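Colleague: Just need the whole structure built from these sequences, with the hints factored in.
Residue numbers (our numbering): 7 to 642.
Keep in mind that the hints were calculated from the coordinates and are not lab data.
Owing to the predicted nature of the structure, the values given are computational and were not obtained by experimental measurement.
There could be a bad hint or two in this list.
Unchecked claim - Below are the PhoX-like pairs computed for lysine-lysine, each with C-alpha atoms no more than 20 Å apart in a straight line:
#1 K594 - K550
#2 K348 - K165
#3 K89 - K314
#4 K598 - K550
#5 K594 - K253
#6 K594 - K314
#7 K550 - K348
#8 K235 - K314
#9 K348 - K594
#10 K314 - K550
#11 K253 - K550
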Amino acid sequence: MSRYSSVYRHAIDQPAQFWGEQAQRIPWFTPPTTLLDYDAQGHARWFVDGEMNTCYAALDHHVENGRGDQPAVLWDSPVTASKARYSYREMRDEVARLAGALAGLGVSKGDRVVIYMPMVPEALMAMYACARLGAVHSVVFGGFAPHELAVRIDDAEPKVVLAASCGVEVDRVIAYKPILDAALALSEHRPEACVILQRDVGEAELGALDHDWRTLVANAAPADCVPVKASDPLYILYTSGTTGKPKGVVRDNGGHAVALHYSMEVVYGMQPGEVFCSASDVGWVVGHSYIVYAPLLAGCTTLVYEGKPVRTPDSGAFWRLIEEYRVKVFFAAPTAFRAIKKEDPEGRWLARHDVSSLRTLFLAGERLDPPTFHWLEGLLEVPVVDHWWQTETGWPIAANLQGLAPMPTKAGSATYPVPGFDVRVLDPEGEPAGVGEQGAVVIRQPLPPGCLTGVWHDPQRFHSAYMAAFPGYYLTGDGGYFDADGYLFIMGRTDDVINVAGHRLSTGEMEEVVGAHPAVAECAVIGIHDALKGQVPVGLVIPKDGFDGDEAALEQALVARVREQIGPIACFQQVLVVPRLPKTRSGKILRKLLRTIADGERFGIPSTIDDPGSLEDVHAAMCERELGQASQARQG
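Modeller: Here it is as structure tokens:
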């Protein structure tokens, strides 16, 4: 604890000195002398006069320093029965040729490139090729609908689009090229060219704007790394669930590289040469940070997985990856392990695999519910670490720091703030909340390196969305509290706190109680409109596979549990058993959408949804129980 406290206080009290020391650990073309500066609105800017190149720091630098033959990228695709391995030298050479091909199409420093690809090694090459040229990439999750892709193309205004012919799911092939063509027909901005990676499982018909990826790259001369300012943008990433005008989070080059390099050692406890696996997607921030950039900046090997936690081919998929590739640290969303738990609650598939290489299991993306935490802790003989961060921060805000000072875990807690993040909890008046008192979780400025530096094309939106609510603080949008030991508990988005007859109650707390029932695989608790009490909670529950009990009895038992453990003040009286819950492709339950359905309001199918059929299931269950209809009647 004393070691953590010393490092943490140094980062908070002397941020420029602390991060200046960390900056020395990455290669610079021109080392920065101005470590911390502020823009006109008072937002932190790091290493502004330094020059570097993220691609050089992640690839060329390691080749030049003896890691050329070490595996950089491992690819495992059970959905196509394919595998591949690229050394650092091979990655550098492939990326240099792709960068040369992009340069031949007119892409240069500051230009934008939209990347619309599945989980294939070429997606990583595309991102690094842009970074090599100083171009700004914007990855759009493969399979996003034409309209959503179009609004991102219009906002980023790319010179070139890089895409694959298709993506592959467990039971289907998704043709990307028709989606891209439809998006270009809808968008006002017209890129100068599209480069299409043809996949054997589904080739595309090329049009007048299109180039074949492999032919273009084969005929290109390698491109060198272009020096960029540390403050120059590396990428734009649009936040999931965007409607109307998208909100593009902008990440810089220098601060991003310094923060991710630091996090690999201090947060994840990784050493160069070790294998790191993040079971995410390059379309999300986790994929950007911990599939593509951080592992290679730190000289590690990254494992890229094109598959699911279950049904590719079974619920032992993750355990097979750990065994086959000797993974040291594995990182996934809680929803992935809830899916495994649902199909294999006894862990029989785990018993078939040797996972002795695994040192730590990390989870993030949404709150790790205590029942899933305890299930994993009982299965594995390694630390199970819940850590909390956001698209906007780009790396963890709070974690159990495996490379600095590992602490005892607490179910439901992300442990302590990471050095550099001055985390506070404020009440609605902006005053510090007491121990155990829930409030708005904020971060005192300056934000550390690696966090967003703005919203693309909209600096005022950046300030109003994140900095205006509590002057001097970044508003995370999450609610939570510190306990007496200083552990941080994130209870969910602040709009997941419901007001029942004047009492502010956390739906996350109710989910803990419901999810702890032995028959429950997964659950969500939402607040719906009530004319008398303002809001009342409703639970939606997925039973574990093999559950053959009486659903009505289960619902009654869950109501009784909440009444017993939280009290009648919660007014928790309604539970619906459903076969599945609507989620984003990154695994987050669409609670806001569930509230909209329950309140009888009109809703559309969001672009981020993983399984549109789940909406029909929930809507049917709510109509059968007259939740939506009753709500409409209440609203007059």
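Colleague: I'd like to know which numbered hints this structure contradicts. Please list them from smallest to largest.
Modeller: 2, 4, 8 and 11
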